[in-house]
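J.: Protein sequences appear in the order of chains A, B, C, D, E and F.
Numbering of the first sequence is given in the numbering used here, commencing with residue 1 and proceeding in unit increments.
Numbering of the second sequence is given in the numbering used here, commencing with residue 1 and proceeding in unit increments.
Numbering of the third sequence is given in the numbering used here, commencing with residue 1 and proceeding in unit increments.
Numbering of the fourth sequence is given in the numbering used here, commencing with residue 1 and proceeding in unit increments.
Numbering of the fifth sequence is given in the numbering used here, commencing with residue 1 and proceeding in unit increments.
Numbering of the sixth sequence is given in the numbering used here, commencing with residue 1 and proceeding in unit increments.
What the hints contain is simulated information worked out from the structure, not anything from laboratory work.
C-beta atoms are modelled at their ideal positions from N, C-alpha and C, and glycine is treated no differently.
Hints should not be assumed to be uniformly reliable.
No farther apart than 25 Å at their CA atoms in a straight line, the calculated lysine-lysine pairs in the DSS-like style are these [claimed, not checked]:
| no. | chain 1 | residue 1 | chain 2 | residue 2 |
| --- | --- | --- | --- | --- |
| 1 | F | K255 | C | K74 |
| 2 | B | K74 | E | K102 |
| 3 | D | K255 | A | K74 |
Which chain C residues stay away from chain B? Per the calculated CB distances, all over 10 Å, these [unchecked claim]:
| no. | residue |
| --- | --- |
| 4 | R18 |
| 5 | L32 |
| 6 | L42 |
| 7 | D63 |
| 8 | D147 |
| 9 | A172 |
| 10 | L183 |
| 11 | A227 |
6 protein chains.
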Amino acid sequence: MKSREGMSERNSAWLWQRIRGEGETLVNGEPLLASFFHSTLLNHSSLENALAFLLANQLGNTDVQPMLLQQVCKETYASEPQIIDAATADSLAHYDRDPACKYFSMPLLYFKGFQAVQAYRVANWLWRQQRRALALFLQSRIADVFDIDIHPAATIGSGLMVDHGTGVVIGATAVLGNNISMLHSVTLGGSGMGAGRRHPRIDDGVLIASGAKLLGPITVGRDAKIAAGSVVLSDVVEFSTVAGVPARLVGAANKSVPSQDMNQCFDDG
Amino acid sequence: MKSREGMSERNSAWLWQRIRGEGETLVNGEPLLASFFHSTLLNHSSLENALAFLLANQLGNTDVQPMLLQQVCKETYASEPQIIDAATADSLAHYDRDPACKYFSMPLLYFKGFQAVQAYRVANWLWRQQRRALALFLQSRIADVFDIDIHPAATIGSGLMVDHGTGVVIGATAVLGNNISMLHSVTLGGSGMGAGRRHPRIDDGVLIASGAKLLGPITVGRDAKIAAGSVVLSDVVEFSTVAGVPARLVGAANKSVPSQDMNQCFDDG
Amino acid sequence: MKSREGMSERNSAWLWQRIRGEGETLVNGEPLLASFFHSTLLNHSSLENALAFLLANQLGNTDVQPMLLQQVCKETYASEPQIIDAATADSLAHYDRDPACKYFSMPLLYFKGFQAVQAYRVANWLWRQQRRALALFLQSRIADVFDIDIHPAATIGSGLMVDHGTGVVIGATAVLGNNISMLHSVTLGGSGMGAGRRHPRIDDGVLIASGAKLLGPITVGRDAKIAAGSVVLSDVVEFSTVAGVPARLVGAANKSVPSQDMNQCFDDG
Amino acid sequence: MKSREGMSERNSAWLWQRIRGEGETLVNGEPLLASFFHSTLLNHSSLENALAFLLANQLGNTDVQPMLLQQVCKETYASEPQIIDAATADSLAHYDRDPACKYFSMPLLYFKGFQAVQAYRVANWLWRQQRRALALFLQSRIADVFDIDIHPAATIGSGLMVDHGTGVVIGATAVLGNNISMLHSVTLGGSGMGAGRRHPRIDDGVLIASGAKLLGPITVGRDAKIAAGSVVLSDVVEFSTVAGVPARLVGAANKSVPSQDMNQCFDDG
Amino acid sequence: MKSREGMSERNSAWLWQRIRGEGETLVNGEPLLASFFHSTLLNHSSLENALAFLLANQLGNTDVQPMLLQQVCKETYASEPQIIDAATADSLAHYDRDPACKYFSMPLLYFKGFQAVQAYRVANWLWRQQRRALALFLQSRIADVFDIDIHPAATIGSGLMVDHGTGVVIGATAVLGNNISMLHSVTLGGSGMGAGRRHPRIDDGVLIASGAKLLGPITVGRDAKIAAGSVVLSDVVEFSTVAGVPARLVGAANKSVPSQDMNQCFDDG
Amino acid sequence: MKSREGMSERNSAWLWQRIRGEGETLVNGEPLLASFFHSTLLNHSSLENALAFLLANQLGNTDVQPMLLQQVCKETYASEPQIIDAATADSLAHYDRDPACKYFSMPLLYFKGFQAVQAYRVANWLWRQQRRALALFLQSRIADVFDIDIHPAATIGSGLMVDHGTGVVIGATAVLGNNISMLHSVTLGGSGMGAGRRHPRIDDGVLIASGAKLLGPITVGRDAKIAAGSVVLSDVVEFSTVAGVPARLVGAANKSVPSQDMNQCFDDG
């Protein structure tokens, strides 16, 4: 059973202490990865430094070298420390909700959904600083490397889990609340050519199962569940479950938080 | 509002002049990307040279170096200049139809859907020159780098927009007309083992929304719309809209061109 | 027509002889790829050596260099030669079932679905040797490079074809039999947080068409067919066809083996 | 004529201000190098940061990545700021003594002699911190990349100019004072197997011309000149000039500082 | 015996025809190098294209990519075709004078002395176009990669052989005539800080043996020979041989051209 | 004091055991190098495997990848195990004769002179197998990477120490005996254009000090010493010491083996 201790004090320093503790065990267990664990985990004094190193290493290329991206990430985190709070919550979201995530360090080390979201958070900060060319460059790199396409103008709260991640698309005017879970191939897409909001708003606690497509400026109320493969074209009321192509209401009054339960299924009545 | 001037004279030289103009602004705006904008845009005298550079840079690896791929691309464009006309139309399709595409240079610089289609156009030329091994190698590189799998034997007209792009699959005997729009995760798949045509034919002006799967040697008539998440197993008449798994007729007599409107939704009646 | 000779003697040595024979033709046909064909095919004395080279080349990076991964692969194959038998069956599955696969060498050289499955087989062996950190590292690399996410703890038989492959997800407790075919964007996903088996069991001969999502600890009986875009939440009886969101029985008593026929369609009655 | 202003205030901040000023001109003059000048010069707030970036970029490889070396350099400079004072003096030594060095930024950007000495200064600090393995690794990288072999245990003062640099060898027990100039192919070599000091001691202001070999625990007095191609096997008195194989006294009582004059010749009487 | 045919018609087209002919034999002889020979030799239609490819491949790095350097080289050759005439003469100089050079293609493929001189010729052209920053960047790359330091402002005639090459230094105001041979570790160095010419002038036909150092604005007359290890501080009359530290006249009235004979020795009387 | 134990049993297995023992200490001492020590030392079961890995890693490039060079090295060692005996003797020569070489593992890990000689031994084997193109390619790579130019046709015995190494040149018809020591910038050069032997023969036990140039088909008798900076144009009798430009006899009847004593000096009488 995974540790739930310290739920009340889980800030980034707390998390980093646990990740480093795992790193100290890992580094002795697999010689081929000793330097990987050292350079990615043990070498850093904080979660933000580790993230800056890892994102730079994954997204740097001959156009923009890793050392330069590392500096951009550090500048982002120094300027807006709440981004590290969000990264902490994202990381713990994976730990708490994904049975395959058995260690605190796994999202950072291995999960492309987590890594892509953290890179988006840097791109979003750049976007808000009017450094839009670099934000778009990063979006393009994220799409190439992780196959996840999040527009840097999108608004995303904390505690987001993107599981597996390949194929996720989140549009420029999408707004996501806190503690949302989504799986691979989820689309929060626009529709049509109009100005103004073109993409969905997703409230807290929502679970969007794999392959679901939510299109247009709709709203999904809190603690709702979107079943796998659904195509959602209209608002979804809070606490309800929708499914199908197009999606229809198949359940109501969810008693628990879908994004925590991670039950992608629905009552196939 | 994006510029619509010069619709009648939008050839590749016209487009290249605008892209370079944007490049001159961009290069001074973001020092980290100065050389990227210079080497990708300002350094070239024409769209074909810029494309050859960019595709080589994205698809080259230790097996075939960028300089060699650049030469292959240049040879392709010199031999069949219509490919650059098609690239011009593809680029403008993104500019005209995608609200997130605010500059003429964005497809070239950032959009993997656009880049993958241009790489396919080179692979298709190689295929027709009987250089099939290199065409298949390129297909494999495109699938690895962009996560888009287009068989080099497929036939594709001009003015194609592939938005986002991750997960798109287009089979060997597919035939696509002009001015088509499709989104990520679209499949134009084969079915069964028979000889002859095994994949769909898509006529002009069709919009295929995200995640739609069109299977077998069916025909989709002009200006039809395939809704998101649909599974299409039979012919679709022109001007109509189909949706669902399997797809059924949900609307008829579209009055405008779906691939221009980019309305992925349908009347959820 | 592709050769079916020697069906009874198609072991890895037999296959390797054919692949090398093709390589000798290819190497003279495309000068740009001469070293690629030499280093990937002609340079090796056996399928296992070629696979070790190719996987190392695709998955190595600055964290773990190709030469080290090559050694891990060789160690795997030496320790468990049945993995090469499975690779042989996988390779022939592509050759036999995919009309676009015209040569024995194509899966090895070009098909990311095949390559990802072979990399999983190495990761799975590492997982069973308790080298879990390296197994998870490989899973992460496979997901980044091929956009295919197979948990190393999953159990997979031989003769698997994963066509195109982008977006496939197979969870940790999934169990796959022999001679299964699946296409891109297929999910064998978990559901919920419980312990024990959380993912599907797929029996021999099943075909899972593109984009189908199978969720939870369900069982799909032998020679069943899952239509494209289906969302399957409950057991599927053997020899039957299911389709839809959620999937319903649409056909029964398949007379041939769906994974061989590769007919993704179903009777759209 | 090069600027001599501010001789009294030439600290690292003063130098960095001038280097950055040059960088601002350079970045607009050569588009191909815009990012090079930006990333190497304009992107940094101090000489130490620029040096850490540059050395990491030059010496990093697949064994130790640039980002890790950058961190080592920063740690070195933070721990012992005098190393930056020495780097400043070395840089100005090139500017003052080399007619081909027309800009303050040239040693940093282009001169392998300067770069190798700065890398030695980091290796030497590591050596003194008992991180001898990393010090030896760096020595080996410096020898591979710059063809200059300086043992990290050597003691070197500030204001050293190593012009051109290829082939320079400085042994472990060599001791160099301040404001020394040497050219390429100079050897400060050991002789024999004994313990204790085995290499030369060079006092302040000495000029060692190209190809000179000084062997064994000899002493070269201040402001002496060693002519090109000399082989020096015994002590050299201060202010004198020696030449030949083996070297003999050819001049005495130098009236100016040889390392400043850079006159490699001697009176060929 | 190496071919001397066609002495009167040995232009770059003639040479390229021979090099390509050798390439066609080589490409079938060593499979590991098949693509190397193809990409370096067979893939090109002229010596200038092959040189541009090779220099770009050797000198490109993360600061300036190979494709960009290739373009710079091509621009150079198009603007000043005499540089290719000089490259042709340099290449034939190796073929004619070096017993280890048994094929016309060897200098291009393997000899760092030849490659460094060709890169200098590009840097020199850039220098004369006032693109001095890029010229200095190239000088620095040549010094790092080939360990040969030629200032781009130096003036060098055609038919230069630099054998082995490591450690050669040629200063900014050096002037070299035609048909000169020099070996590794040769220095044409400056002396002192004065303005004006500071480096040697070397006339046609001179041989400078390994390790010789020529310092200051001296002149070496035509068909003179500088013995190995000499330190030359004063003028050398034509047809004579000098040797020693400092160099003295040891022979006079050379009857043949020393740079052709390649006799590094002298009469040790 | 360095260990001299087991002088009689110092074969490659004995040496490898000591190197690995050192590796086990090193890997825990410097986290940044943990994977370097693991991949270079601990990961291998024998000296030949470690050498093949290391040489491949140093000399591989985009033209010939490391994995292919590794295979060439392994093939060489399997075909002619005496090469590993020679490598063992070379490695121990550094350990025994170089006071800066304090560990058995240092030549393998850090010394470019040792690494270049081992790469030559592979190139020499290829030359003798008539794979001359690959041998010349390797020679060129060694010259680029290590700045040491040894013709693959040269004949070199075992127990060779090349200290520091930059600038060493050894010609095609040179013949070196056993237990020779030489320093950087040593040339064993040819002279003139004649057929037949053009380079020196060096007998057992000779020491050639830094920068010495030996030219033409001369013979240096056993246990002779060539002083630093000498230019040797005629035979040197056994047990004697020569020095100067040109070299003259300066000492006779050496009582010990110069290559062991490593005394570069001579009696400056």
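J.: Hints first: check each against the structure and report whether it holds.
T.: Hint-by-hint comparison with the structure:
1. Simply put, F:K255 and C:K74 have alpha-carbon atoms about 54 Å apart, too far for the 25 Å limit, and the pair is violated.
2. Restraint check for B:K74 and E:K102: not satisfied, since their Cα atoms lie roughly 35 Å apart, outside the 25 Å limit.
3. In summary, the hint linking D:K255 to A:K74 is not supported, as the alpha carbons are separated by about 54 Å, beyond the 25 Å threshold.
4. With a least CB separation of 17 Å from chain B, C:R18 remains clear of the 10 Å interface cut-off, as annotated.
5. Against chain B, the non-interface label of C:L32 is violated: not every CB pair exceeds 10 Å, the least being about 6 Å.
6. Chain B leaves C:L42 outside its interface by the beta-carbon criterion, the shortest separation being 14 Å against a cut-off of 10 Å.
7. Distance to chain B confirms C:D63 as a non-interface residue, since its nearest Cβ pair spans about 17 Å, more than 10 Å.
8. Against chain B, the non-interface label of C:D147 is violated: not every CB pair exceeds 10 Å, the least being about 5 Å.
9. The claim that C:A172 is not at the interface with chain B holds, since no C-beta of that chain comes within 10 Å of its own (minimum 23 Å).
10. In this structure C:L183 is not separated from chain B by more than 10 Å, as the shortest Cβ-Cβ distance comes to only about 7 Å.
11. Not every Cβ of chain B is farther than 10 Å from the Cβ of C:A227; the closest lies at roughly 7 Å, contradicting the non-interface assignment.
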